[in-house]
Structure formats: structure tokens, C-alpha cells
Amino acid sequence: MTRQNKSTMEMVQRGLARRHRREKIFRFLGMAAVTTSILFLLLLFGSIIANGWSAFRQAELSLEVSFDQELLDVDNLRDANYALLIKRSLREFFPQVEKRRDLRHLYKLVSSGAAFELQAMVMADPSLIGTRRLVTLPADDEVDMLLKGYIPRDVPESERRVSDQQIRWIDELVAASRLKLGWNTTFFTAGDSREPELSGIRGAVAGSLFTLLVTLLLSFPIGVAAAVYLEEFAPSNRWTDCIEVNINNLAAVPSIVFGLLGLAVFLNVLGMPRSAPLVGGLVLTLMTLPTIIIASRASLKSVPPSIREAALGIGASRMETISHHVLPLAMPGMLTGTIIGMAQALGETAPLLMIGMVAFIVDVPGGLTDPATVLPVQIYLWADSPERAFVERTSAAIMVLLTFLIMMNGTAVFLRKKFEQRW
Amino acid sequence: MGIDMVLESGNSLIRPGAVESAQEEIRSERVSREQRQTVGTPFVEDARMTCRGVEVFYGNKQAINGVSIDVAKNEVLAMIGPSGCGKSSFLRCLNRMNDTVDICRVRGEILLDGQDIYGRQVDVVPLRAQVGMVFQKPNPFPKSIYDNVAYGAKIHGLVSSKSELDEVVEDALKKAGLWDEVSDRLEQPGTGLSGGQQQRLCIARAVAVRPEVILMDEPCSALDPIATATVEDLITELKQQYTIVIVTHNMQQAARISQRTAYFHLGDLVEVGATDRIFTNPLHQLTEDYITGRFG
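Quick note, the sequences are listed as chains A and B, same order. The first sequence: position 86 = 86 (this note's numbering), numbered continuously. Each position in the second sequence, counted from 1, maps to that position plus 423 in this note's numbering.
Hints in this document: simulated from the structure, not taken from any laboratory. Incorrect hints may appear among the rest.
[As the list claims (entries may be wrong)] 20 Å max Cα-Cα, derived SDA-like pairs, lysine to any residue:
(1) B:K496 - B:R453
(2) A:K301 - B:N521
(3) B:K560 - A:A33
(4) B:K566 - A:P305
(5) B:K598 - B:Q553
[To be verified] A few chain B residues facing chain A, derived, Cβ under 8 Å:
(6) P565
(7) V605
(8) S606
(9) V632
Keep in mind it's a predicted model, so treat the numbers as computed, not measured. In this text, a Cβ means the ideal position worked out from N, Cα and C, and glycines have one as well.
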């Protein structure tokens with residue numbers, strides 16, 4: 001058969017199988033790609049949650065403490081020997097332990113922070129003095145690890161940080177329901193600490209919020225104003241092109257460079273305080289600005305010119321056209337860009353290292369100039385700590401950070417869906 | 424009212440009598456295709472807008488070569504011509520909408536009631552309040568019907584109270600023949616109306632500012648025949664109070680609604696005249712070619 005006397009239909013039919021096969025292969029490859037990325041994502045989330053969920057529970061000891069009048073001087077409650085109260089209470093529970101060395105090991109079951117908790121309790125309520133109460137106190141992180149099963153009991157005593165004797169005491173306490181795992185409030189209410197059982201993320205969360213507040217308040221108005229000017233007012237000449245290229249380049253600059261800039265300018269030249277959310281916010285503003293400007297310009301561009309013409313055509317000034325019609329239509333896109341920029345800033349560590357936000361800070365910051373750290377830096381610090389108990393805390397902090405990020409991205413999606421205009 | 428003449432392209436030199444009066448008698452002789460001077464009656468006595476030697480450039484490309492024409496009071500002037508002939512570009516000069524195009528430059532003189540609209544001191548905001556515009560595609564704001572119509576009056580401060588604004592909106596919607604259809608749903612978005620209603624909403628929006636001149640750039644090209652008929656009736660209504668310049672691709676439409684017609688060809692204004700005369704007895708060969716469908 002020659003080409004001439006074959007109908008188009010026959011020719012199409014001949015190639016059809018091959019065309020369908022190609023389409024199938026492409027579809028399969030696409031699905032494989034999506035499946036792989038979902039698997040990786042699940043792996044990431046799975047390992048973090050598996051590692052981190054146990055940090056939300058914490059070993060706590062219930063001890064009967066008698067607040068002896070002789071030890072607690074009402075006029076000087078701050079300096080009283082609260083540790084002794086705890087020691088007495090432990091000795092009461094384990095009267096058979098007498099040797100100094102054994103006693104020292106026994107006292108180690110309680111966190112070093114327990115004494116401070118008692119101090120805070122008594123100072124808040126001096127009427128406790130002279131009474132006898134069942135008080136819940138944090139156990140040491142090694143006890144916590146043992147209870148959660150992270151310290152194996154079947155290895156030789158020399159290879160674990162909890163002695164056989166301590167394990168016996170722990171078991172005794174557990175049997176008497178004096179030692180159990182409870183909800184870990186400390187994790188959400190405390191700042192950082194050298195002791196894992198006393199450490200929490202509140203300081204880092206507060207630091208992150210202050211930093212993001214500064215970033216948002218600066219980068220959103222500046223970014224939107226810059227985008228509006230460049231998109232709506234700037235004459236198209238070489239200068240504008242140059243600025244545009246530079247903004248795009250700025251978006252690709254490694255973030256640590258912004259940190260160095262912040263160190264050189266904000267700290268060294270302007271003399272701003274080290275480790276402060278104010279400076280962190282300024283540095284992250286520099287980093288976020290290009291993202292916001294680019295996203296805002298894109299969303300201004302996507303406003304149909306017919307709307308601008310409509311407003312100009314009935315005599316609206318340029319400013320009125322932009323503020324009454326173009327900006328409201330571009331706003332969802334701008335907000336999305338801003339939130340994505342903020343999410344980026346929330347997860348940023350490198351530039352903050354340069355301006356001292358990596359310091360070990362115990363106090364929860366109360367303002368923009370207080371020394372602070374942020375969530376990702378806290379994660380970095382904990383990941384760097386040797387104690388076994390910090391491993392789960394690292395993962396737990398990552399879970400908190402991811403929750404914030406997912407919430408922010410969710411807000412972005414919600415805003416886009418809600419305010420999206422169709423015409 | 425017409426003065427018959429040929430106009431030298433690019434300036435306002437007038438040579439009366441170069442082409443003899445041709446309105447009544449049927450002529451078999453046409454001005455040849457090579458001749459690009461305006462024939463017919465571009466000038467009128469009681470002009471609202473006078474344009475002399477208007478040239479428009481996009482970058483280095485000249486889109487309009489010296490167009491001179493008058494727009495009379497209370498007339499509908501239709502501008503026809505093949506695509507890319509410059510009629511829309513010219514229309515957009517009349518309220519300086521071309522200012523929004525960076526690379527666009529306009530030369531020549533355009534007067535509105537004797538005032539040069541391209542003068543140094545002229546602010547485009549009051550100009551566009553005097554010369555309103557309706558676009559090819561209905562482009563209501565994504566706001567309520569009420570807000571669409573009220574917007575112009577609000578920004579120009581034409582009203583001092585809510586009740587006055589209500590009146591302006593009702594009046595404009597009535598003039599646009601839309602009141603009966605939307606009076607019970609003024610708070611609904613203007614973008615929810617049908618295409619023809621949207622275009623009438625845009626006309627109402629332009630009318631609400633009480634302009635002197637309304638420019639319409641192919642206002643019916645996105646509408647179905649029924650909506651088109653409604654808009655055409657509306658234009659005929661509006662003629663009583665406003666001067667209307669309309670660009671259209673539809674020659675029947677030009678014939679139905681306009682008093683004068685201007686034919687543009689590749690950036691030249693080739694012929695202007697009373698609509699009846701243009702469609703029955705064009706002076707220029709190019710005009711005849713176009714209206715008889717030889718090209719376009």
C-alpha cells in the first residue's frame with residue numbers, strides 16, 4: 001500500500017499505540033515522582049514525630065515534703081535551704097539508705113531544679129510553712145530517660161548512667177506511684193536550661209515572635225511600597241531595570257551574608273544590642289524584602305489592565321486607581337508572598353548566628369531589645385547538646401516549628417482562597 | 424453646517440473648493456486610493472472638540488499621521504476602518520488615555536471647548552471627568568453595582584450626602600436603561616451581571632460623572648445582538664445630552680446610530696462626512712472599498 005491510497009484514519013491508527021504508550025509512561029513517571037516526594041515527607045515527619053513525641057511527657061516525682069519552720073526563715077525565704085527539704089523527704093521514703101555515697105546517688109534522682117520550684121512555691125504562698133504536703137517535682141533527666149526506655153536496663157552497670165541501685169529505687173518509687181510520666185508543662189513554659197528536664201521552648205517561641213513582628217512590620221510596608229512604585233510609577237529606563245535585576249539577585253543571596261551585613265552595620269556601626277530580636281528582625285527584613293517585592297509585583301501585574309483603565313477612564317488619579325482598585329485586588333497575592341517570606345524568616349538560622357542570637361539564654365525575652373534566641377537556633381543548640389534527653393527535645397521543638405510553619409502556610413492558602421477575585 | 428474641503432495631511436491648511444460639494448449628487452468619480460488627504464466634511468461650526476494635525480507614535484512607529492477633525496456638540500461620531508488603522512489610538516487621545524502607555528507620544532493639537540487638553544497645565548483628572556470612556560470589554564469594578572456607579576461621583580466630590588449619591592446612582596442607571604433590571608439588587612457585585620448588563624453598567628458609571636463627551640471603544644464587540652440593540656438604543660438616547668464618539672467595526676451599527684462617520688485607513692483619516700452620505704456615496708475610493716466589503 002502506498003501513502004496515497006491509505007486513508008488518514010489508517011495512518012493515525014498506526015501511530016496511536018505508540019502515542020498512548022508515551023502518555024502512559026509520562027503519567028507513570030509523574031506519579032512516581034509525586035509518590036517519592038510524599039514518601040520522603042512522610043519519612044521526615046515520621047522520624048521527627050517518633051523521636052519527639054516522648055518529650056511531651058516528663059517523669060515527675062511526688063514527694064511528701066514537710067516545710068519545717070526551723071529551715072524556713074520567713075524574713076529570708078529566698079536563701080533558705082530548699083534542697084535539704086527534698087533530701088529529708090527522700091530519706092524518709094528510703095530510711096534504709098544511710099551511707100553518704102548512696103545518699104548522694106539517691107538525691108540525684110531529683111532534678112537540680114526541684115529546689116527552685118519549692119522556693120517559688122513557698123515564696124508565693126508563705127502559709128505553706130509548717131505544713132506537710134505531697135509535692136510534684138521534676139525528676140532528673142536520667143530517670144526520665146530510663147522510664148521512657150531510652151536507657152537499656154540489660155547492659156552492664158558501667159555502660160549506663162543509671163546505677164543498679166538507682167534502678168531499684170526508681171522501681172520502688174514507681175511501684176508506690178510516686179514516680180510517673182506526666183504532661184510536660186515545663187517544655188512550654190520555661191526558657192532554655194542546661195538541664196533537659198528544666199528546659200523549654202517558651203523563650204525561643206517568644207524570641208521568634210518578637211523577631212517576626214519586627215520583620216513583618218518593616219518588610220510588609222516597605223516591600224509593598226517598593227513593589228507598587230516599581231510596578232506602577234517607575235519610568236521604564238535603565239535605572240529601573242538595574243534595580244529590578246538587583247532585587248532578583250538579592251533574593252538569591254545566601255542568608256548568612258545578610259547576617260554578616262547585620263553584624264557589620266547594625267551592631268558595629270549603629271551599636272545596636274547583641275542577640276536582640278530587634279536586630280534579628282532587621283536582618284530578616286533584609287532577607288525577606290526581595291521575596292515580598294517579587295511576589296507583590298507579580299500580583300500587581302496579574303491585576304487586569306482593564307480595571308486600571310476603568311478607573312482612569314472616569315477620572316480617578318493614579319493614586320486613587322491604585323489604592324481603590326489595584327491594591328485590593330493584588331492584596332491576596334501580596335499577603336501570600338508576605339506569609340511565605342515570613343515562614344522563610346521563621347525557619348532561618350544562619351543570619352541570626354552572626355548577630356549573637358545563638359547565645360545560651362535562659363530568660364524568656366520580654367521585649368525587642370532583650371537577649372533572645374529563636375526556634376530554629378534553639379533546635380540547633382539542643383541538637384548540639386550531649387545529654388540524651390535533648391534528642392527528643394530537639395525533635396519536639398522541630399514539631400513546634402513545623403506546626404507554626406504549617407499554620408502560616410495554611411493561612412496563606414486560606415487568604416488566597418477567601419479574597420481571590422474572579423472576573 | 425458642513426464645509427467641504429480637502430485637508431492637507433499633517434497641518435491645518437485648508438483649501439476650500441478643492442473637492443466640489445458632493446453631498447447630494449451621486450458621483451461615479453472617486454478620489455484615488457493613493458490620495459491620503461481627508462475628504463468630506465471634517466470640520467463643523469459648533470465644535471465641542473477640535474483636533475488639528477494629531478500624530479501618534481508608539482516608540483518610533485507612527486500610528487496616526489496628522490488627523491484633523493471636529494466633534495460637534497450632541498452628535499454621535501462613528502469611527503470606522505480596518506483593524507490597526509489607528510481609530511482606537513485616536514479615540515484614546517481624546518481623553519489622554521494614551522498617557523498610560525509609556526512608549527506612546529502624541530503631537531498636534533486637541534482642544535476641548537477651546538482648551539488644549541495636551542497643554543502643560545492640564546490635569547488629566549478633570550479632563551477625564553469631562554471626557555468619559557467606555558471600553559471594548561465590559562470592565563466593571565469587582566464591587567457592588569451601586570459602588571460601580573457611585574465611584575466617579577464620589578472621587579470627584581460631586582455629591583455631599585448619601586441621599587444625593589443615591590439620586591446620582593439611580594439617575595445614571597436609569598439613563599443607562601439598567602435601573603429596572605437591577606434596582607432591587609444594587610448591593611450585588613457588578614461582575615455578576617450578564618455581558619450586556621455589564622456594558623450598560625459601565626456606561627452608567629461613565630454617565631454618573633456627568634461628562635460632556637463619552638468615548639466608546641467598540642462597546643458592543645463583546646455583546647450578543649440583543650444586548651447590542653439595547654446599547655445602541657441607549658446611545659441614541661444619550662445623544663440628547665452628550666457628545667459621543669464611538670469606534671466600531673460594525674458598519675451597520677455606525678449607519679444606525681451615528682450622524683457623522685469618519686473612515687480611517689492605515690493611520691490616515693481618509694474621509695469624514697454625514698453617515699448617510701458616506702454609506703451611499705463615498706467620496707474616496709478606499710472608503711468605498713471598505714464599505715462594500717472589498718477589504719477590512
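Comparing the hints with the structure gives:
Restraint check: the Cα-Cα separation between K496 of chain B and R453 of chain B comes to about 30 Å, which exceeds 20 Å; the hinted pair is violated. Restraint check: the Cα-Cα separation between K301 of chain A and N521 of chain B comes to about 19 Å, which is no more than 20 Å; the hinted pair holds. At roughly 43 Å between alpha-carbon atoms, K560 of chain B and A33 of chain A are farther apart than 20 Å, so this suggested pair is violated. Restraint check for K566 of chain B and P305 of chain A: satisfied, since their Cα atoms lie roughly 16 Å apart, inside the 20 Å limit.
For a cut-off of 20 Å, the pair hint linking K598 of chain B to Q553 of chain B stands: about 17 Å separates their Cα positions. Taking 8 Å as the C-beta contact cut-off toward chain A, the hint placing P565 of chain B at the interface holds, the least distance being around 5 Å. The restraint placing V605 of chain B at the interface with chain A is violated, with a minimum CB-CB distance near 17 Å, outside the 8 Å limit. A least Cβ separation of about 22 Å between S606 of chain B and chain A goes past the 8 Å threshold, and the interface hint is therefore violated.
Interface hint status for V632 of chain B: upheld, as the beta-carbon distance to the closest one in chain A is roughly 5 Å, under 8 Å.
Checked against the numbered hints given earlier, this structure breaks hints 1, 3, 7 and 8; the rest are met.
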